[in-house]
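> Residue numbers (the numbering used here), protein chains in the order written: chain A, 1 to 160; chain B, 1 to 160; chain C, 1 to 160; chain D, 1 to 160.
The reader is advised that the hints may include incorrect statements.
Heads up, the list lumps identical chains together, so a pair's fine if it works in one copy or across two of them.
Simulated pairs of lysine to any residue, SDA-like, Cα-Cα distance not exceeding 20 angstroms [what the hints assert, rightly or not]:
| id | residue 1 | residue 2 |
| --- | --- | --- |
| 1 | K87 | C31 |
| 2 | K21 | A2 |
| 3 | K86 | A52 |
| 4 | K21 | S83 |
| 5 | K87 | T28 |
| 6 | K86 | I10 |
| 7 | K86 | A50 |
| 8 | K87 | Y30 |
| 9 | K21 | S11 |
| 10 | K86 | Q35 |
| 11 | K86 | A24 |
None of these hints come from the bench; they were simulated from the model.
Protein chains: 4
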Amino acid sequence: VASVCETYSISTEEFASLRAKTVAAKATAYCPYSQFRVGAALLAVDESAAGATTWVSGANVENASYPVGTCAERVALGTAVVSGIKKFRALGVATDVSPPSSPCGMCRQFIREFCGTSMPVFMFDRDNNFAVLTVIQLLPMSFGPDSLPSPEELLANRPT
Amino acid sequence: VASVCETYSISTEEFASLRAKTVAAKATAYCPYSQFRVGAALLAVDESAAGATTWVSGANVENASYPVGTCAERVALGTAVVSGIKKFRALGVATDVSPPSSPCGMCRQFIREFCGTSMPVFMFDRDNNFAVLTVIQLLPMSFGPDSLPSPEELLANRPT
Amino acid sequence: VASVCETYSISTEEFASLRAKTVAAKATAYCPYSQFRVGAALLAVDESAAGATTWVSGANVENASYPVGTCAERVALGTAVVSGIKKFRALGVATDVSPPSSPCGMCRQFIREFCGTSMPVFMFDRDNNFAVLTVIQLLPMSFGPDSLPSPEELLANRPT
Amino acid sequence: VASVCETYSISTEEFASLRAKTVAAKATAYCPYSQFRVGAALLAVDESAAGATTWVSGANVENASYPVGTCAERVALGTAVVSGIKKFRALGVATDVSPPSSPCGMCRQFIREFCGTSMPVFMFDRDNNFAVLTVIQLLPMSFGPDSLPSPEELLANRPT
Ligand SMILES: [Zn+2]
Ligand SMILES: [Zn+2]
Ligand SMILES: [Zn+2]
Ligand SMILES: [Zn+2]
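Turn these sequences into a full structure, and let the hints steer you where they fit.
See below:
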């Protein structure tokens, strides 16, 4: 753990908090359809409070129409973004299975919009063991904000 | 306003707060693609605090891959649900256009999962004027949790 | 049935075909997670073939990450739109439950983009009985293409 | 091109057809909001026709409520799956930008459900140049059907 923390520039205390908050967030899931609880927690920087460390949690919120539900990672990031938090140092994701589950592709794309490509994503399994990958490792050659010219530019340069 | 408040069992002070919080939430939107800011606020009951009134806000959080973004209403409800709030008295939605915009169908479905069919949804336009409809008026003959038998039940009774 | 057909300007033969195609489409569903089969069929006009009647079917296509799946109605309409079909006279949706299920809110929104507000949506239950509602009855006071000014217009007129 | 084709077990004629069909599919996009046209084509195997080669195309179908739209890759795969095609040899994706865009994370997840991890995804830019990555390269350590125990199993083994 110590060397992992050093690699990703977080303290061992921060890692312990991230794990605890991520695992605890599973209890807040609304998942009557899949029974697959997912907890998420963000280690973030509150730029409005002199760069103080701050935490935001989330969990999956399902829907009777399955495509309408939202995953844990997107609930956590959505909550953070609208509260003005835009700088993230690590994301934790926890499930009740082993080996650990990774974020789905939709969430990887959502993460990509707000988190640096080298930010670590810690994935905890049912026994709190973990794997870790960076954003760019999870979504290589990603389609991101830079990939998208403005509608005007696209229309003006459309191939014929 | 007074008679509307009476119809939907909220006080005029609560209505004023709902309008202020809904309109203020627009400023927290992340919408570089559409530039269409949407704010949302929930008037809710905190059952863990002796039924005290509580508020949760949200705004739209877009993505370079448009289908991956989340609307304001779903950000607010997702934040509320994972924080343990499950009882809602009113939802406000505000945009920068006139007449007021209504929640999209996807959000109506998300709202349907958590809010009573008679809960009012107040829709504020760019001048803070509003229209109001209940959940069931927004999503008549809805597909909800009760429409969905368990996978086992469905499999056992599949028509041949 | 005859009077319903008259109301919605389709022949009884067209209704019979719509019902048969909608119910048959259930067999093409990929729904290992919900086991909730949904079939959809569109009665459409092929404007590239002198207005000939044409049909397009769909079914739900689920995903291990539930929010990533697609409903039957959106599969059918997506297939139709990219094949150049843009004019629709009726949509059928069939499930294995009774009373009949209606399209989820997300699909109502997708339908709204391409189908007239008075187009009928026929909902068939497990015994092939049906209910019918128009697009505007399913999504009253809808948020549609007309609700959305261009990003430039929104930016220029943002309230201060 | 010849060596790429050999690597991925497709003929140069198949590659040429894939490129042509993928690029042509851009013209069928419905993208009034982003103006970002995306075309997709699948080289597939029709198991109901003695393993004959078959093709399925798609394009992005957007919505006034951005999250409700569907990407090109999901339209193509949805069309294929409900028509009974389940075996895929290659996917092509084409846009009007350079360098080539990759599938968004949501589509990578949708692809993962139906295509082998070693299936190639060819990404064509505005000049028909391309990059290629396999499914597993696009979505490493993916969350797939095997990651998801049944609801009953999850409920029975929930950590306490
Ligand atoms: Zn996800
Ligand atoms: Zn919405
Ligand atoms: Zn639906
Ligand atoms: Zn996509």
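> Hints numbered earlier in the text: which of these fail when held up against the supplied structure?
none
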